[in-house]
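Going down the list, the sequences are from chains A and B.
When you line the first sequence up against our numbering, it's residues 5 to 468, in that order.
When you line the second sequence up against our numbering, it's residues 5 to 468, in that order.
For the record, the hints were derived by calculation from the structure and aren't laboratory data.
Fair warning: there could be bad hints in the mix.
The list treats identical chains as one, so a pair stands whether inside a single copy or across any two.
Each computed SDA-like pair below joins lysine to any residue, with the alpha-carbon atoms no more than 25 Å apart [to be verified]:
| no. | residue 1 | residue 2 |
| --- | --- | --- |
| 1 | K251 | F358 |
| 2 | K251 | E365 |
| 3 | K283 | E365 |
| 4 | K54 | E153 |
Treat the numbers as computed from the prediction; the structure is a model and nothing was measured.
Number of protein chains: 2
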Amino acid sequence: MTSNLTNVLKLIDRSHENALKRLFTFLKIPSVSTDPAYKKHCLSAAQWCKAELQDIGFKAQIKKTDGHPIVVAHDGSKIKGKPHVLFYGHYDVQPPEPLELWKTPPFEPHITTERRNGKVIIARGAEDNKGQLVTFLEAARAWKQVTGELPVGVSVMIEGEEECGSPSLPGFFKKHGKEIRADLALVCDTVQWDKDTPAITTMLRGLAGLEIIIHGPKRDLHSGLYGGPAANPIRILTKILAAMFDKNGKITIPGFYDGIKNPTAKQRRQWAELDLESKAFLSSVGLSSPAGESRYSAIEQLWSRPTLEMNGITGGYQGVGSKTIIPAQASVKISCRLVPGQNPKSVLKSLRQFVSAQVPEDCSVEFIGNHGSAAIGFDMNTQAMRQAAKALSEEWGKPAVMMGCGASIPIVTSFKDELGMDSLMVGFGVDDDRIHSPNEKYNLKSFKKGARSWARILEALAQS
Amino acid sequence: MTSNLTNVLKLIDRSHENALKRLFTFLKIPSVSTDPAYKKHCLSAAQWCKAELQDIGFKAQIKKTDGHPIVVAHDGSKIKGKPHVLFYGHYDVQPPEPLELWKTPPFEPHITTERRNGKVIIARGAEDNKGQLVTFLEAARAWKQVTGELPVGVSVMIEGEEECGSPSLPGFFKKHGKEIRADLALVCDTVQWDKDTPAITTMLRGLAGLEIIIHGPKRDLHSGLYGGPAANPIRILTKILAAMFDKNGKITIPGFYDGIKNPTAKQRRQWAELDLESKAFLSSVGLSSPAGESRYSAIEQLWSRPTLEMNGITGGYQGVGSKTIIPAQASVKISCRLVPGQNPKSVLKSLRQFVSAQVPEDCSVEFIGNHGSAAIGFDMNTQAMRQAAKALSEEWGKPAVMMGCGASIPIVTSFKDELGMDSLMVGFGVDDDRIHSPNEKYNLKSFKKGARSWARILEALAQS
Numbered sequence: 005m006t007s008n009l010t011n012v013l014k015l016i017d018r019s020h021e022n023a024l025k026r027l028f029t030f031l032k033i034p035s036v037s038t039d040p041a042y043k044k045h046c047l048s049a050a051q052w053c054k055a056e057l058q059d060i061g062f063k064a065q066i067k068k069t070d071g072h073p074i075v076v077a078h079d080g081s082k083i084k085g086k087p088h089v090l091f092y093g094h095y096d097v098q099p100p101e102p103l104e105l106w107k108t109p110p111f112e113p114h115i116t117t118e119r120r121n122g123k124v125i126i127a128r129g130a131e132d133n134k135g136q137l138v139t140f141l142e143a144a145r146a147w148k149q150v151t152g153e154l155p156v157g158v159s160v161m162i163e164g165e166e167e168c169g170s171p172s173l174p175g176f177f178k179k180h181g182k183e184i185r186a187d188l189a190l191v192c193d194t195v196q197w198d199k200d201t202p203a204i205t206t207m208l209r210g211l212a213g214l215e216i217i218i219h220g221p222k223r224d225l226h227s228g229l230y231g232g233p234a235a236n237p238i239r240i241l242t243k244i245l246a247a248m249f250d251k252n253g254k255i256t257i258p259g260f261y262d263g264i265k266n267p268t269a270k271q272r273r274q275w276a277e278l279d280l281e282s283k284a285f286l287s288s289v290g291l292s293s294p295a296g297e298s299r300y301s302a303i304e305q306l307w308s309r310p311t312l313e314m315n316g317i318t319g320g321y322q323g324v325g326s327k328t329i330i331p332a333q334a335s336v337k338i339s340c341r342l343v344p345g346q347n348p349k350s351v352l353k354s355l356r357q358f359v360s361a362q363v364p365e366d367c368s369v370e371f372i373g374n375h376g377s378a379a380i381g382f383d384m385n386t387q388a389m390r391q392a393a394k395a396l397s398e399e400w401g402k403p404a405v406m407m408g409c410g411a412s413i414p415i416v417t418s419f420k421d422e423l424g425m426d427s428l429m430v431g432f433g434v435d436d437d438r439i440h441s442p443n444e445k446y447n448l449k450s451f452k453k454g455a456r457s458w459a460r461i462l463e464a465l466a467q468s
Numbered sequence: 005m006t007s008n009l010t011n012v013l014k015l016i017d018r019s020h021e022n023a024l025k026r027l028f029t030f031l032k033i034p035s036v037s038t039d040p041a042y043k044k045h046c047l048s049a050a051q052w053c054k055a056e057l058q059d060i061g062f063k064a065q066i067k068k069t070d071g072h073p074i075v076v077a078h079d080g081s082k083i084k085g086k087p088h089v090l091f092y093g094h095y096d097v098q099p100p101e102p103l104e105l106w107k108t109p110p111f112e113p114h115i116t117t118e119r120r121n122g123k124v125i126i127a128r129g130a131e132d133n134k135g136q137l138v139t140f141l142e143a144a145r146a147w148k149q150v151t152g153e154l155p156v157g158v159s160v161m162i163e164g165e166e167e168c169g170s171p172s173l174p175g176f177f178k179k180h181g182k183e184i185r186a187d188l189a190l191v192c193d194t195v196q197w198d199k200d201t202p203a204i205t206t207m208l209r210g211l212a213g214l215e216i217i218i219h220g221p222k223r224d225l226h227s228g229l230y231g232g233p234a235a236n237p238i239r240i241l242t243k244i245l246a247a248m249f250d251k252n253g254k255i256t257i258p259g260f261y262d263g264i265k266n267p268t269a270k271q272r273r274q275w276a277e278l279d280l281e282s283k284a285f286l287s288s289v290g291l292s293s294p295a296g297e298s299r300y301s302a303i304e305q306l307w308s309r310p311t312l313e314m315n316g317i318t319g320g321y322q323g324v325g326s327k328t329i330i331p332a333q334a335s336v337k338i339s340c341r342l343v344p345g346q347n348p349k350s351v352l353k354s355l356r357q358f359v360s361a362q363v364p365e366d367c368s369v370e371f372i373g374n375h376g377s378a379a380i381g382f383d384m385n386t387q388a389m390r391q392a393a394k395a396l397s398e399e400w401g402k403p404a405v406m407m408g409c410g411a412s413i414p415i416v417t418s419f420k421d422e423l424g425m426d427s428l429m430v431g432f433g434v435d436d437d438r439i440h441s442p443n444e445k446y447n448l449k450s451f452k453k454g455a456r457s458w459a460r461i462l463e464a465l466a467q468s
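Based on the sequences and whatever the hints tell you, model everything.
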């Protein structure tokens, strides 16, 4: 190990308390991007990122968009012959609801101890993505303090709409694509294989979603005075939703599975070796048996098979007690996880057609939203992949697992499609981080060793 | 017509403006019984009723219950050989939600003009049941002012839990049943055949309802990191709900239809003559074709066939935008309209069994609430029925229709079962009163002629 790296790692360890203080300031900003009510907080989060990057030594700017702004920064270091990387993160977070299930307020971060994970940071965004993003900033900060520069050329892009489909990205790429284009994107928004085993994610599922509203009577009706002859939108909606699956969990929407590229025999073998213990995986969230397509293993249901999930359903009386009405409408929010080969647009089209065909004459259907991003997979044998895997293994004392991921990171697809840029996905989350859920946490070990890991990866990428 | 009745009717006409003022004061009290947040307003409504009855000349009391109190009053008039009646009404109202659909605040009553109905009173409770209840109070007030007494012995009972299943009634009957027992109950909580044609309701559907909650993962899950293997409670719930109906609208729950007494051929003939124009009936609420059991006419679906309605469904993300989660639970509020012969307890038992049998191993089901009341039908040929029909026909200049009603009035069943007391159901609502819905209204014609009708009925009941 070079003396530079040794000193950088020592500095990261010494600066841990200050690094935590910086993260907590960031976590206190309720930057929920999907709900317009939080707009000004999203701006504050962007301003925090800009100030932080400038403090580290980057030239940072806030770029306006039609939605929440995007922070862009460049390091001065000009190192001839070294690669130039773009680090990507997002400052926005998921809504904290349901609030009543949080043991402590979602935007008042603090440290607590869990039997399984030791010390953890509790807050909305603790892992996704503020905690992960700060691991990289701390690595960069340490390199600049020790050597005055970074081992490779580094630019940074931090967006604020990752949790709501990144609607402003296309426009941003048109305007600033050249400025941010690099040899490789570093994306820190994924998990490790487990809390002690690092991983590089090489496959991501895509995402396509919309909201369906069934309109029936022109107003809520008294269920006694109209019940029988009057159509009930909840009944119509639930019938349509139930028809989307057969008894084996297969999705029945015509065309839904079109174009799917199945994993190679080699991938299947690797996954079989990984031997995801679905029982343990599910029991950690209070479940027991895989609920997906019965003819696929749990790891395939998660990494190489698409899903259709109902994320939220609403209709009629939502209050305390009972109200005997037939509601005027009922609605459902649906999102599909896509795998390589599926086209988000055609999947949503098939979904809309399937629903429209089943709406009775005197009711109507309305579709809201139409966001989608395709799945993606990277070659596991590039030099950068191998260098990063080696650096991770040295930090964690175990070989890094090359894994798939059931979640989507649309930006990785956009980097590939819009800028022809591959991504190296290294993250330090773990399955029980409760991201998108109440009491989200980030292991302190992930936060500490995450920063150390990035310090090592930055140096590793400089070797050629 | 006796000179007394003539003078009573004249006085009712002269007092109209004051009667409206009294009603508006009552309507301004937000006495929503199902939501504990409105408890103190329910008490104010009870106090208003007590004061009003005392002002008319009744001896009135507020009787405490485990829930909202019940107002009981007795008229001093002791008329030998005349029947003694109990007038029943309720001071509680349905929740006003959804508030955003009200054109004016629900508890700020006012008069406006509609093309179809002329002048109408707009407010939550304008019809159900405050407006209807006040028509009787105004009739009694006029009789007392003109003659110092009422043509028959009159007691009054006004409860505050009709809109939430009257949980306190059994206890109340045990304690005060003797005190309120009379020869006949007068219930003013039903509709006319149309805005110009009076009616007596002789059949009522029963009501049985509960809430079903499906519990899945122990917390909301990220739909990417768990989607596929993880069970989704919304999907499980919608599948169970869809299985409750076959393609002809028949309910598939085993035992649901057990014991049903079908209407007589004579009833069927009367209903055929009434010739409910289902097209017009449904188009008034934005629908077109009867959605109930396809082998029955619209009027049968409404009066003599049971229903199962989903009154409200909830699960997962309810906010703005999208949130890609698999929710920890999903729930539905269901109420069934019952017909003579069905047993509410067995219907609910069948429903619970049907649901429980379909909940997958690693999920669980919770049932909340278990309220029910059987359907009821009265002999159309009693003396009181004939006297009331005659009085109504004289006031409205048309024969009174003897009709069925799809809604439930559990109190009528309780009067019969607990106190062996028949009910005379005369109401002045019309189908488009929007009761239980935003912008509830009561036709001013119903309010005026309703009071006059009761004045006539009170005298008619005195003839024997």
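**Prompt:** Which hint numbers doesn't this structure obey?
**Reply:** Violated hints: none at all, because every hint is consistent with the structure.
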